[in-house]
Amino acid sequence: MTSRWAGAGVLLLLIVAIASIATVISRQFFGLDEHSRYSTAIRSMGERSEALNANILRLRFGFINHYDPLVEDLKQIKALQVELENVPPFIQIPEELRKVVANHRQVLAELEATLEELKTTNATLNNSLRFFPERASEFAREMQKQGNSALAGELNDLVRRVLLFNIGAPDVTIESFAEPLERLISASRDDRAGQELRTLGVHAQAIINAKPGVDKATRNLLSSRLHDLNNRLLATYSSAYDHETKKDRIYRLCLIPVTIVLLLSLALVFSKLRKSRDESRRLNTHLEERIRERTGELERKNLSLKAEIQERQRAEAELKAFSEQLEQRNRELKATQNQLVQAQKLEAVGQLAAGIAHEINTPTQFIGDNVRFLQGAFEDLQQVLPHCRQLLAEARNGGISPNRIAETEAAFRKADLEFLSEETPQAIMQTLDGIERIAKIVMAMKDFSHPGTKEFVPTDINRAIETTMTVTRNEWKFVAHLELDFDKTLPPVLVLPGEFNQVILNLVVNASHAIGARIKDSGTKGVIRISTRLVDEHCVIQVKDTGGGIPEAIRHRIFDPFFTTKEIGKGTGQGLTISRNVVVEKHGGSLEFESVTGESTIFIVKLPLMGKQEPCIAR
Amino acid sequence: MHNVDVIGIACASFSPSCGELSSSSYAIAVEAMKVMTKIIGGLVILMLLTCIGLAMAMFAKERENVPVTTLTEEPDVSEEFLNEPIRPIPLRVRLDKRKVELGNKLFHDSLLSQDGKISCATCHSLAMGGVDRKTQSIGINDTAGGINAPTVLNASLNFVQFWDGRAPTLEEQISGPVTNPKEMGSNWDEVLSKLSRSPDYKTQFSKIYEDGITEHNIKDSIATFERSLYTPNSRFDQYLRGNRSAITQEEKEGYAAFKQLGCTTCHQGMGVGGNMFQPFGVMGNYFADRGNITKADYGRYNVTQQEADRYKFKVPSLRNVDLTAPYFHDGSATTLDEAVRVMAKYQLGIQLDERKAGSIVKFLKTLTGEMRSGE
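Taken in sequence, the protein lines are chains H and W. My numbering applies: residue 1 is where the first sequence begins, and numbers increase by one. My numbering applies: residue 1001 is where the second sequence begins, and numbers increase by one.
It is worth saying that the hints were derived from the structure and are not from the lab. Remember, it's a predicted structure, so these values are computed and weren't measured experimentally. Cβ atoms here follow ideal geometry from the backbone N, Cα and C, with glycine treated the same way. Each hint should be verified, as a subset may be incorrect.
Stretches of chain W that chain H covers, calculated by requiring three or more beta carbons in the stretch to come under 8 Å of a beta carbon on chain H [claimed, not checked]: (1) 1079-1092; (2) 1123-1136; (3) 1322-1331; (4) 1339-1350.
Using the sequences provided together with the hints, build the complete structure.
Dropping the structure here:
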């Protein structure tokens, strides 16, 4: 871009420079041309007018006898005049020059007229001068022979005086010819001699008439201002030309820097051109090298890339196989895990079995006791009944024997009816209560050990927890008080019921074990507190125990599989791992804990109300 | 350039790093080279144009300067005759042949006249000594002119043209007959439009003159043709060049009488006249004796309005005088003998005897030269 502007600038500069040089050169060139033409014309004019003057004198004194030189001179002078009228265009103020030229033209016209007059009169003069003296002398001799010496003398005198007049003798005036000529012409007779005399008179008269005209014309011509004017013309033109030359010199001076700039810019252009050519040449060779280099490199790279690709393909195949294997393993693992969950559930149930048996046993015992009591009571009542029937029959017959009454009363006393009527309802109540308790346990067992549907079911979480607590009752009732803080407004939550129950069971069992390990045989009890809440579309279940917290060192490991703090045989280290798997992976919830070392632990289960959802995975 | 360009692109596309580093400088170099090429191309064109312009200007100048040699060169004269009042006509004159040819055509073309019947040659017949041998020439519509036609032969030797010298050059003379209502009765607009209608003239003019058919160019070509109508190598010229037997003894005597009587005071130079004015009737009143004075008889007075110029005429050339009867501006002298006698009487104031007049006439007949076309 810059180079383009620079190029345009240089071009502009060149054009300007060339234009100015052309202007000056053309000006100078044509100036010189015109100058040589004009100055030559002036000089030639001077020379020609000198030549004309010389020729006039030559003519006057008889060195030439024809007018061709004069005609030629005048012709040339007139041609030069035309030249002079054409003032050179480079003369800036030609007015003065023109004035001189116009003056010159006028003088030339006068000169031409005078020259014609000279030619005409000179011809007449010459003609008569050639004829008159010769013929007059001849005629005088003739007259002399005839004896007319007076006439002869007069004629000879006239010839002498005419010739003197012709050479400009001062004492011979025109006036002096008047009388003798008059006499000569008028005295002529009509004979041949008279005619001759008349002719001679006319010629003499012609000489006398023409001579002053010729002289005057010659004088005028020789004293013509043409020469002076020529000098003036030369001076005027020279000063004008000098003026122009000075101006030209200034132009030329101005041209020097322009030329320098031009040359410099040309040099610049050439050096730039050279440099850029070298540069491009260098770049070309460099480029070729680079290309060769690059091509080699590329080939090498290509080869290595090919190898790499093969390697990758192999690796990919391996990876594929591996991933297939992994998938297989995963499937297997999943199956194993499912089996593990079930097994763990069974294990939990197994663990609980003794407790549950005990739980069932206790109501069974007092149900038995009470039923036996009711058996005795019923037997006692059966003792009383015949007395009552007899009494009734006597009463119907109308006379009740006092024995009867006494016997009946005695039977009543013996049966202790008061006691019976007091204890029997209670016994029945207790029996029913025990049956209910057994039924409840059985129901819970049934609920709990449900093989677990694979579908999410809207579940009353509170009831599910109650069930689990029932099932695990034997685990915790000896070590802790149970506090239930349920949110009665909790809506049904979409869960896998069996797996959820197992989570709560695991937590409660762990809590019981923790408390149990802490209290030992001190006789005091800890607290297990279970609360449910609805928080942000989530069901939050907190299981708190006062089991002394989780030691700092193992907190990060508690969800690890096979990690356990319990003695061998009591735990497999799978409980929390599976619980976390169930809550997080299957329900999309979270299982966290807060623990205060030496105090308590709270496990917080958070389940989305609508079951597992995609965002949960993302989280 | 193209090659370089392709490499540049290849470079840019081949390796981005190379492109970044060098393709910018490379592009500048390429760009600079392009600009330089343009500049140099422009300069070359400029120079070429300048050269062409200069050449054309020079050529144009060259065309203008066709050399024309006039009959004014000093002719080669035998040494013994160096001081004679009469000089021989040069044997050769250099003229532009094309102009002579065109002028010849125009000279004989009646297109120049108003009615298309009169050409220059009508009154200046080259076969009849450049005149029509009539007392007064007949122009368009059979109109008689006021004056006797002077010969066109050696007209270039005359210092001025016409009897009264009203035209200083041959060129200026041409307008006279063309526009004279008694002669060709035309005008230049008419002549130009007539000539422009002829394709022949158009091409012929454009071959010689840049501006084609113009008044100036017509005059130039006709005048050039007229300059070719010089008649060198007359027997008298041969004599002057040293051939003593070119003229007879009688003719030599005639020449001597011609000089002795004073004829050469006016009839001198190369043209034997034609280089000065002289009143008709220096030694006698010719017009009073002849009578019936017309305006044409006033001569130069008609040009200058100077009383001194009344009855003054250009002294006619006596070259080929034997061919150009009748004589004088009024065509009053039908024979040479008569003309010589009239001249002697009124110009020289003498009465010529039979013998002298005869020998002068014999001398005058030696002045008939040869027709030459311009070479």
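Quick rundown of the hints versus the structure:
Figure legend: the segment 1079-1092 of chain W, annotated as covered by chain H; annotation consistent (5 residues with Cβ-Cβ distances under 8 Å, at least 3 required). Note: the segment 1123-1136 of chain W has 0 residues with beta-carbon separation from chain H under 8 Å; the three-residue rule is not met and the coverage is violated. A stretch counts as covered by a chain when three or more of its residues have a beta carbon under 8 Å from one of that chain; for the segment 1322-1331 of chain W and chain H the count is 0, and the coverage is violated. For the segment 1339-1350 of chain W, the stated coverage by chain H holds: 4 residues have a C-beta nearer than 8 Å to a C-beta of that chain, and at least 3 were required.
Checked against the numbered hints given earlier, this structure breaks hints 2, 3; the rest are met.
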